[in-house]
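Read top to bottom, the protein sequences are chains A and B. Counting along the first sequence from 1, when you hit position 73 you're at 1412 in the working numbering, and nothing is skipped either side. Counting along the second sequence from 1, when you hit position 49 you're at 55 in the working numbering, and nothing is skipped either side.
This list has only true hints and no planted wrong ones.
Here are the simulated DSS-like pairs of lysine-lysine, each with C-alpha atoms no more than 25 Å apart in a straight line:
#, chain 1, residue 1, chain 2, residue 2
1, A, 1516, A, 1532
2, B, 259, B, 240
3, A, 1575, B, 137
4, B, 120, A, 1575
5, B, 80, A, 1575
6, B, 55, B, 190
7, B, 55, B, 189
8, B, 230, B, 258
9, B, 55, B, 165
10, B, 279, B, 259
11, B, 120, A, 1580
For the record, the hints were derived by calculation from the structure and aren't laboratory data.
So you can see what is in the structure, the chains are spelled out below.
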Amino acid sequence: MFRDITLGQYFPGNSIVHRLDPRFKIIMTVIFIVTLFIGQSAVSLELGGVFCVMAIVLSRIPWKLILKSLKPIVLILVITSLLNLFFIKDGLPVFEWRFIKITETGINTSVFMVVRIALLIAGTSLLTYTTSPIMLTDAIESLLSPLKAVRFPVHDLAMMMTIALRFVPTLIEETDKIMSAQKARGVDLDGGKIMDRIRSVVPIIIPLFVSAVRRAGELATAMECRCYRGGVGRTKMRSLKFGPADIIALLISIYFLAAVIFVNAKL
Amino acid sequence: MNLIKAEKLSFRYDDESEYVFRDLDLTFRQGEMAAVLGHNGCGKSTFAKHLNAILLPTGGKVYIDGIDTCDESKIYDIRRQVGMVFQNPDNQIVATIVEEDVAFALENLGVPPKEIRERVDEALQAVGMYKYRMHSPHQLSGGQKQRVAIAGIIAMRPKCIVLDEPTAMLDPIGRKKVMNTIKKLNNQFGITIILITHYMEEAAQCGRVIVMDEGKVLLDDEPKEVFSHIELLKQVGLDVPQVTEFIWELKKKGVNIDTHIIDEEECSSILLKLLS
Ligand SMILES: Nc1ncnc2c1ncn2[C@@H]1O[C@H](COP(=O)(O)OP(=O)(O)OP(=O)(O)O)[C@@H](O)[C@H]1O
Ligand SMILES: [Mg+2]
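Using the sequences and the accompanying hints, generate a full structural model.
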């Protein structure tokens, strides 16, 4: 049951979006988020939408997957739109019944908010869909490296992320095993009331925790045996390189940001 | 020439606990392949961890290629010379991609990227895992993971590899592949191998067998000689290879036969001679 979880949600491919330098992709995603948030009007949202759709088409990620990334936030979208719909009281009333009053502004705002959040999620999941976790970690390490000057442990953070990613499948497998083992001992994991269910998590969590601590100890020794001593003096087999395509892509995203700022100024 | 030399080595985990071993003397020559046997808890893993300065002696000295393991300034020279492979392959693979993991030690040592690339490919080819270089570790079998771990060590080009029960968690096929890899490293590249194991059949494939008991070296000889001390081995809770035991039983029954046999083919040819 746990095997279906794919962390990072990476979908390997060879499109132009996949091949972009991950550092540039992260920066572009940040620019995209800023673009969405400073946009005040429908036009600016349309600009953001064009950029997002363009990126999705170029990445050749199926639309179904993009929609799937929106599934977990459907509830948030619904609540947001309802709140905006019912609580914005100014503007032309469209519908009125007792204390309920829906106005044109309310409808506009709620559509605006929903589209904005949907674009935000679709855009950011495109980053994880097209970038392998290891590339993301490398990129984060590289982007944060200026912080080394203020003694921020950039390398350690990246190492922790790598190890966490490395052990997710292992620990998932182990959870499966422990669950089977506990079931074989007669622990009821599925049925029962909510309190029983919560209680039945304990015989899974504790062995899992114990084993994770033991693994961590062994891994630390194995890393020491391979001369690990933190980030000082470390080299990398694969170094990140950017080319003209990356710069062009970045310029395009900056262009969209500038366009939105321009539209805002005109309002 | 002696690559590894332990002199009057004593060790205990803390001041209150008992000594794991006391005044242990043991040397390993460059290029040999030695097995270390002993019952659970007799101190094999503890000894192994002294060979690359993961643990430091309480008393006595360990020298690796003439360097004292207590010399802190040389610690990475020592760890590069003596690689270590552990029992559980899952707990020694660091990266999410096979080739990244093999590169780990070299990255730590600050080797230039181009050279890392070459040495990683070389190491993966040596263990026969080159075509899996882009796989993620959890897609591999236990034996394959263990070979990746070995590749991660040989990429450092060590003089010696210490393997602490590398096959204990593997199925028979994985075990055989790992053993063949280890033997190849010894034969082709002249890497000194110290193999800690509970499988007598594996020990029989080594040139030298060391039996430890209660922190002392009980036997230290060629496998044929060591396994001929069947009764002594049984006393300290160890087995002998099946063929040796079989021959020994025959001898007890009064058959006139040489008990210095550890190899199945040798055994069958002798039996054939005896029967004809
Ligand atoms: N980290 C530790 N702290 C304290 N005592 C330890 C530690 N590790 C091992 N010991 C003790 O040291 C002794 C030797 O243990 P060691 O792991 O070296 O045995 P071993 O020969 O490798 O056994 P096995 O065949 O089970 O792997 C044991 O009595 C053990 O309890
Ligand atoms: Mg041990």
